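Q: One-letter residues, chain by chain:
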Amino acid sequence: NTKITQSPRYLILGRANKSLECEQHLGHNAMYWYKQSAEKPPELMFLYNLKQLIRNETVPSRFIPECPDSSKLLLHISAVDPEDSAVYFCASSPDRTNSDYTFGSGTRLLVI
Amino acid sequence: AQSVTQPDARVTVSEGASLQLRCKYSYFGTPYLFWYVQYPRQGLQLLLKYYPGDPVVQGVNGFEAEFSKSNSSFHLRKASVHWSDWAVYFCAVSIPGTGSNRLTFGKGTKFSLIP
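Chains B and Z, in that order, give the protein sequences. Residue 112 in the numbering used here sits at position 112 of the first sequence, and the numbers go up by one each step. Residue 72 in the numbering used here sits at position 72 of the second sequence, and the numbers go up by one each step.
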């Protein structure tokens with residue numbers, strides 16, 4: 001999927017800090033972080049529209065999103081916890097009222 | 001708040017058989033509805049979507065789904081399945097007009113074929 005690229009693909013951490021990156025090449029204004037834990041559906045963490053944080057679900061404060069420009073999204077994680085092991089998907093849509101999502105391939109985080 | 005229920009955690013059929021995956025939603029109005037497929041260790045791919053209009057929507061790879069307001073359902077169908085359809089299927093809903101098109105997913109249905 002070259003429309004939305006995520007890096008890294010895999011990440012194995014102890015209690016460290018790390019950032020996940022996402023870039024979309026679709027000209028979309030809205031970007032999202034979803035978390036998918038094992039055997040569960042994806043759940044929304046953050047929603048940005050035109051670089052502004054619109055929605056922040058109940059997410060631990062060790063997760064800090066950043067949107068440096070409308071095509072890029074970062075997720076900074078500090079002092080990861082084993083419960084953070086999951087796949088983190090980036091997604092985008094034309095704007096926050098348009099549900100035509102495109103998902104990235106995900107970053108698989110394993111906390112050991 | 002809206003919610004989605006996929007009552008079947010697993011569905012298994014033989015190759016060439018027909019498929020129906022069930023989805024029920026909870027919302028007093030008419031939501032937007034989606035079916036996504038997730039192949040092993042991959043992201044989610046959109047199969048089809050329903051925006052208010054024709055209740056039967058066609059998707060990729062021979063999939064279709066039918067919206068029923070009276071049953072609050074959006075079941076996915078395929079006439080003849082193939083090994084390449086082996087995946088997890090998620091039904092999802094978003095609520096129009098909220099200014100925040102959050103997708104709420106069901107728990108997914110694992111679809112497999114009898115070898």
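Calculated directly from the structure, the hints in this document are not laboratory data. Certain hints may be false.
[What the hints assert, rightly or not] Capping the alpha-carbon separation at 25 Å, the derived lysine-lysine pairs in PhoX-like fashion look like this:
(1) B:72 to Z:24
(2) B:3 to B:18
(3) B:72 to Z:69
(4) B:35 to Z:110
(5) B:35 to Z:69
(6) B:3 to Z:49
(7) Z:49 to Z:69
None of the values given here were measured: they were computed from a predicted structure.
Q: With reference to the structure, classify each hint as holding or not holding.
A: Verification of the supplied hints:
no., hint, result
1, B:72 to Z:24, "35 Å, violated"
2, B:3 to B:18, "24 Å, holds"
3, B:72 to Z:69, "38 Å, violated"
4, B:35 to Z:110, "19 Å, holds"
5, B:35 to Z:69, "30 Å, violated"
6, B:3 to Z:49, "20 Å, holds"
7, Z:49 to Z:69, "15 Å, holds"
When each numbered hint is compared with the structure, violations occur for hints 1, 3, 5.
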